[in-house]
Structure formats: structure tokens, C-alpha cells
Amino acid sequence: MNRTADVAALSIGGLEISLVQGGRPVPVVTGVNLSVNKKEVLGLVGESGSGKSLTSLAATRLLDPRVVRTTAGSVKLFGKELLTLPEAEMRRVRGKEIGIIFQDPMTSLDPAFTIGYQLNCGLRWHTDLTRAAARNRVLELLGLVGIGDPRRRVDQYPHQLSGGTRQRVMIAMAIACEPKVLIADEPTTALDATTQAQILELIASLATTMEMATVITTHDLGVVADVCDRVAVMYAGQIVECATTDELFYRPKHPYTERLLQSLPGVRAGRLQGIPGQPPRSGRFPQGCRFAPRCPYARPGCSADDPELTRVQTDHAARCLREAELELTGVGA
Amino acid sequence: MSGISGRGPVVALVGGATAGRGAKPANRFVQKAAPLLRMVARRVGIAVPLLVLVSFSVFAISSISTADPARAILGEGATPQSVAQLRHQLGLDQSFLHRYWDWLSGVAHGGLGNSWYGNIPVLTKISQGLPTTISLVLAAMILTAVVGIPLGLYAGMRRGGKVDTIANSLAAIGLAMPEFWVALVLILLLSVKLRVLPGTGALTLSGDPWQAARHLIIPVVAIALPQICALYRQTRASAAIVAQQDYVRTARAGGISEWSLLRTRVAKNALVAPVTLLGLQLGRMIGIAAVVESVYGLHGIGSIAVQAALTSDLPVVLGVVLVTAAVVMAANLLTDIATYYLAPKARNS
Ligand SMILES: Nc1ncnc2c1ncn2[C@@H]1O[C@H](COP(=O)(O)OP(=O)(O)OP(=O)(O)O)[C@@H](O)[C@H]1O
Ligand code: SF4
Ligand SMILES: [Mg+2]
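Going down the list, the sequences are from chains A and B. My numbering applies: residue 1 is where the first sequence begins, and numbers increase by one. My numbering applies: residue 334 is where the second sequence begins, and numbers increase by one.
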């Protein structure tokens with residue numbers, strides 16, 4: 001383990017993802033730049049349809065190439081380019097180096113196999129544990145993710161488990177081979193509020209104890225506050241702002257982030273402020289700044305130029321033409 | 334900042350709960366297999382009344398519809414006296430229910446009666462034809478499953494691919510043709526016209542196995558071909574649905590190879606419908622086998638049944654129907670057991 005600290009565990013640069021069904025490819029994700037270091041938890045926040053799942057899937061090359069493809073950019077795992085890796089090698093990365101937790105635990109587990117079998121699969125492919133050792137490891141993993149009575153659970157089928165327990169199983173699967181990178185795509189969206197909090201805590205504590213680089217995707221900015229070290233905000237297929245959690249919450253530099261913060265419950269004396277207007281339909285992005293139609297600070301110039309994701313401070317970048325002149329409000333201000 | 338709390342030591346708190354209640358292994362097995370055993374018992378229990386019902390229907394239909402069997406047996410020139418005498422011998426002068434009851438009690442004592450021609454026991458007749466029909470239908474079943482299922486799984490997982498496109502067109506052609514017609518054309522083309530394979534003729538399974546196999550190839554293919562097309566279609570459709578499921582993506586995310594994915598996950602999830610179809614196809618294949626045996630001159634229970642029906646040999650017809658119905662029911666039971674294994678979610682209902 002002699003990896004230099006300055007090489008990010010996972011870094012995504014200039015990622016472009018396009019729908020390829022019928023005719024010309026239509027880009028739906030453009031300009032995603034992200035990097036996560038070892039032991040760091042990054043929150044990727046954006047409205048439904050902003051491209052979070054596509055980004056997570058592209059990073060592990062799990063997109064269905066008949067429908068949607070990565071058309072530009074790079075995904076590096078400790079400096080190793082993944083997008084050009086032969087498929088056979090990529091298979092050794094999936095599950096072994098990068099673990100993924102999917103959005104919907106109801107449909108993401110195989111109904112025809114016991115959870116023990118499903119947990120065992122990854123161990124069989126990626127490690128040379130004996131049958132007995134693998135079984136023990138499975139039981140250990142179930143305990144690790146907080147599932148009581150693992151000996152009984154291990155032979156059960158997904159339909160016999162609650163949503164929260166299924167998501168714990170998903171987490172156990174993702175971390176089974178001790179990956180260096182963990183991607184959790186909206187891990188709590190399908191769960192009730194109490195379970196949500198528990199699952200997030202679980203992921204965050206595993207990230208710390210296992211020293212993983214973790215990406216948690218969510219549409220709920222409130223979720224990331226508790227568990228993330230850094231936050232990247234996504235809008236219409238682009239990263240619009242990226243900063244440490246405190247920095248982003250207290251000193252947002254993008255109007256969209258400001259709006260998101262203001263719509264958090266509890267901020268602004270309980271007044272829940274939605275963001276007026278609709279996000280653009282994917283692939284039909286407006287000219288210039290994509291947030292301009294909904295931005296309270298928009299000027300005519302905003303629709304003329306494409307804003308770049310610019311660094312405004314160490315570890316704080318924003319994609320806004322008027323970033324320097326605007327005084328945006330964070331939380332607690 | 335609102336609602337920000339520290340990271341809790343969740344793992345440490347809940348990690349220790351690994352001690353399970355250790356039930357005795359034998360007990361656990363019985364417990365796990367209980368729903369399956371219950372299902373089997375239920376199906377077997379239903380089978381008996383069902384078989385009685387089937388035989389009664391056949392008995393009733395043949396009593397109503399056929400001409401006087403005694404006259405048919407003796408021929409047009411027979412005197413009324415001899416016809417009446419034969420009717421008495423065969424018990425045809427008894428009431429319908431009386432005759433059926435006699436037959437049924439015979440079955441209960443393990444006999445199926447004698448053929449009205451030559452007084453040969455029906456069981457003997459059937460056991461003469463059974464090996465041929467079993468070889469035919471079993472070989473056709475295996476061929477159907479071995480070609481239809483893997484092809485369907487592969488095509489379904491790679492929709493729009495080369496295999497999918499070609500197999501779809503072939504299956505469409507195959508399904509557009511009537512099953513019996515396919516059998517006849519194959520036999521005529523391959524053995525009569527082209528003489529690639531042996532033509533019609535008696536098949537002796539006891540002789541040279543290679544010769545026997547050569548004799549079986551055309552009839553087996555003739556029986557299997559339409560069923561392969563149907564089974565391929567069904568399997569492909571199921572596999573295509575499974576291939577889109579989130580859990581397949583989860584398996585891929587764990588690093589599974591496409592081949593393992595197909596063989597384990599997709600196969601188990603997609604096979605419920607095809608296996609059910611295959612069970613139904615057994616009945617159909619026995620039906621087509623009757624035609625193929627007759628055309629090809631094979632001595633199977635199908636041709637025996639056709640012969641018996643044409644000569645109003647009721648005991649033989651009944652015997653064949655009973656045996657066939659029992660086989661079909663056994664196939665259905667196997668289908669249910671397979672479904673039980675394939676679809677854990679449906680087990681407790
Ligand atoms: N298979 C697909 N076919 C067509 N369009 C797709 C497909 N997958 C994604 N898209 C489009 O790409 C856009 C981004 O999708 P993505 O699933 O990444 O969003 P998301 O941020 O994960 O949203 P959500 O919160 O709903 O999960 C969406 O607008 C969606 O319509
Ligand atoms: S560039 Fe203009 S429209 Fe876009 S976010 Fe900044 S101020 Fe708003
Ligand atoms: Mg998503």
C-alpha cells in the first residue's frame with residue numbers, strides 16, 4: 001500500500017455521457033469533474049434527472065451501451081484509467097476495487113437466490129477464500145452491517161427482509177471484498193426517515209473504518225451535511241459547485257446551491273422554499289448557463305457564455321459567471 | 334447548521350449479534366422441505382380422481398360415438414347371432430355404468446383388460462409400444478430443452494444481436510407451420526426423397542443401438558422442431574425481461590462474468606415460464622408422436638392408439654389414454670417442483 005497521498009482514489013474528469021438511441025448521440029451529462037481521496041466522503045447532490053446515477057454507472061462502466069454511452073472524459077482509479085481498460089480487467093475492478101450500492105434495495109437484490117449466495121459471489125470471484133472461510137466472512141459481513149441473527153438471515157431470500165435490511169445486505173455486498181472506493185447511489189431514497197439516518201451513519205462509519213474513498217449520491221442536501229466531508233452539486237448534467245461541506249453550506253458560490261440551501265427544512269425559520277421553475281429536460285440544455293432560466297441573479301450575458309467550473313478558493317469551485325460579484329447567503333448566516 | 338450530528342459508532346453497537354439459534358439439521362431440512370412435500374402430496378391426491386374423470390370421459394365418448402364394436406370386429410358379413418354373441422362376450426349388452434364399473438375395478442386390481450382383437454392383455458400391448466414412444470418423446474424433449482433454452486437465454490440477454498436476429502426469424506418460420514405438417518415434410522424430404530436417413534420401417538430397439546438411433550433421428554427432429562421454436566421464443570422473452578432487472582446490474586457491479594451471469598442468475602430467474610411450457614409440451618409431443626409413429630411405421634403407443642381408435646378397440650384406447658394422462662400429470666408435478674426451486678418467492682402461497 002504505497003500509494004501517494006496526492007493521487008486521488010477516484011477521479012473523474014470531463015465526463016460526457018450521451019443517449020445513443022436512434023440517430024445522433026444526445027449528451028445528458030457533460031463536464032463532470034470529481035475527485036475523492038482515501039478516507040474521504042464526497043456527496044454528489046442534484047435534483048432527479050441531473051445525471052447522478054449515470055455518473056455512478058459510467059464510473060464502473062455499467063451503462064447499457066445500446067442506450068447510453070460515455071462519449072468523452074476519463075475515470076481514474078489511483079491514476080489508472082478505467083474507461084479504456086479491457087472488459088476482463090474491468091471485471092476485476094468491479095466489486096473488488098470499487099463497490100457500488102444501488103438506489104433501490106427492493107429491486108437490486110436477486111429474488112431467486114439467498115442473500116448468503118449473493119454475498120458469497122463476490123468473494124468467490126475476487127478472493128481465494130475456501131468455502132468455509134467465505135461462509136464465515138459472509139456471516140461476519142452481515143454482522144458488520146448491523147443485521148441481527150446472521151445465521152438465520154444468511155439462508156433467507158430478499159423478499160423475507162425489510163427494506164432497511166435489504167439495503168444493509170446491499171452495503172455488505174459492496175464492501176465484501178474491501179474495495180478502495182465505495183459508490184452509494186441514493187442509498188436511502190427508498191427508505192423511511194429513521195432507517196435513512198441509520199443507513200447513512202452505517203455507510204459513513206464503514207467508510208472511516210475501512211478507509212475507503214466514498215461517493216454518496218443524493219437529491220437531499222440535508223443528507224450530506226451529516227456525513228460528507230465534501231459536496232459536489234450537480235445541475236442539468238454538470239457539476240456547478242464543489243467544496244468542503246462547511247464551506248459549501250456557509251459560503252455557497254453558486255445561485256443554485258444557495259437555492260438548495262434555502263429549501264432545506266429548518267433553515268429560514270421553517271419556511272420551506274422550493275426552487276421556482278423546472279430543470280431543463282435532459283439533452284435540451286439552454287445556451288450559456290443552464291441555470292439561467294431559474295436563476296434570480298441572471299443577466300442577459302449569462303445565456304451567451306458557457307460558464308466554466310472555476311476555482312474560487314482552495315478546494316472550492318463554482319460554475320457561475322457572476323460568482324465574484326454576488327454575495328450569496330449560506331445557512332446560519 | 335441544522336441537524337448535523339457526529340458519525341455514530343453504529344458498527345460497534347450492532348456488530349456482536351452473531352449468535353444464532355442452532356436448530357437440529359434434520360429438523361431444519363424437514364422444515365424447509367415441508368411446503369414442497371405438502372404440494373407433492375396435494376398433487377398426487379388430486380391425480381387419482383382426475384384420472385378417473387379422464388377415463389370416464391373417454392369411456393362415455395366412445396360409447397356414444399362409435400358404431401357397434403362387435404359388428405366392426407366381425408365385419409359386415411357377420412350374422413346377427415354371432416354379433417349378439419360377441420356383444421355378450423364383450424359385455425356390451427350390459428349397461429354403460431356397469432361396464433365402466435367393471436373396467437374401473439379391473440384397473441384397481443392392476444389390469445387394463447384385454448384387447449378386443451386377439452385377446453391380448455392391454456398392458457402387454459402398451460408395454461410393447463412404450464419403449465419406442467418413450468425413446469421418441471424423451472429424445473425430443475431433451476433436444477427441445479437443450480436447443481431452445483440456451484439459445485433463448487443467450488438471445489434474450491443480447492437482444493438485437495446476431496444470434497437473436499437469426500434465431501427470431503427461424504423461430505417465426507418454424508411457428509408459422511403446422512406441427513404435423515413439419516413432421517410429415519421432414520420425413521418425406523429426408524428419408525423418402527433424399528434418402529439421407531433410413532426410411533420408414535420397423536424399429537427394433539433391442540438391435541444395434543446405432544441403427545436404432547439412426548431410425549429415431551428424423552422422427553425425433555420432426556417432433557421437436559416446432560417445440561424448439563416455441564420454447565426458444567418463451568425463454569428469450571423471459572430472459573430479455575430478466576436482463577433488464579436491477580439485480581442483474583447488481584451482479585455485474587460485483588464483477589460477475591457475462592457467462593456466469595447467464596448460467597446462474599439469468600437462467601434461474603428466467604426459467605419458470607419455459608419450464609412450465611416444457612411440461613405442457615410433453616403432452617403435445619405425445620400427440621404428435623402418434624402421427625409420426627403412424628407415418629413412419631414405428632410401433633409405439635401412439636400408433637397403437639390410432640390403430641385401436643380406428644378399430645373401436647375400446648380397452649386399448651382407454652389403456653393408452655390412462656397411461657398418457659398419468660405421464661402428463663407426472664410431468665406437471667415435475668414442473669411444479671422445478672418452479673418451487675426456481676421461484677422462492679412463490680413458495681409459501
Ligand atoms: N436508459 C435511459 N434511457 C433514456 N434516458 C435515460 C436513461 N438513463 C438515464 N436517462 C436520462 O438521463 C438523465 C439523467 O439520469 P440519471 O438517472 O443519471 O438521473 P439521477 O440524477 O440519478 O436522477 P434520480 O434522482 O431520478 O435517480 C435523466 O433525465 C434520464 O431521463
Ligand atoms: S451564470 Fe448567471 S444565470 Fe448562471 S448561475 Fe451565475 S448568475 Fe445565475
Ligand atoms: Mg438516480
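Misleading hints may appear alongside valid ones.
Okay, the calculated bits of chain A under chain B, using three or more residues with CB under 8 Å as the criterion [what the hints assert, rightly or not]:
no.: 1; segment: 30-36
no.: 2; segment: 85-98
no.: 3; segment: 101-110
no.: 4; segment: 298-312
Residues of chain A clear of chain B, computed beta-carbon distances all greater than 12 Å [stated by the list, open to error]:
no.: 5; residue: Ala8
no.: 6; residue: Ala133
no.: 7; residue: His159
no.: 8; residue: Gly283
no.: 9; residue: Leu326
The hints are simulated quantities; they were obtained by calculation from the structure and are not laboratory data. Since we're looking at a predicted model, the values are computed, not measured. Note that beta-carbon positions come from the ideal geometry of N, C-alpha and C, so glycine has one too.
(message) Hint by hint, where does the structure go against what was stated? Just the numbers, ascending.
(response) 1, 4 and 7
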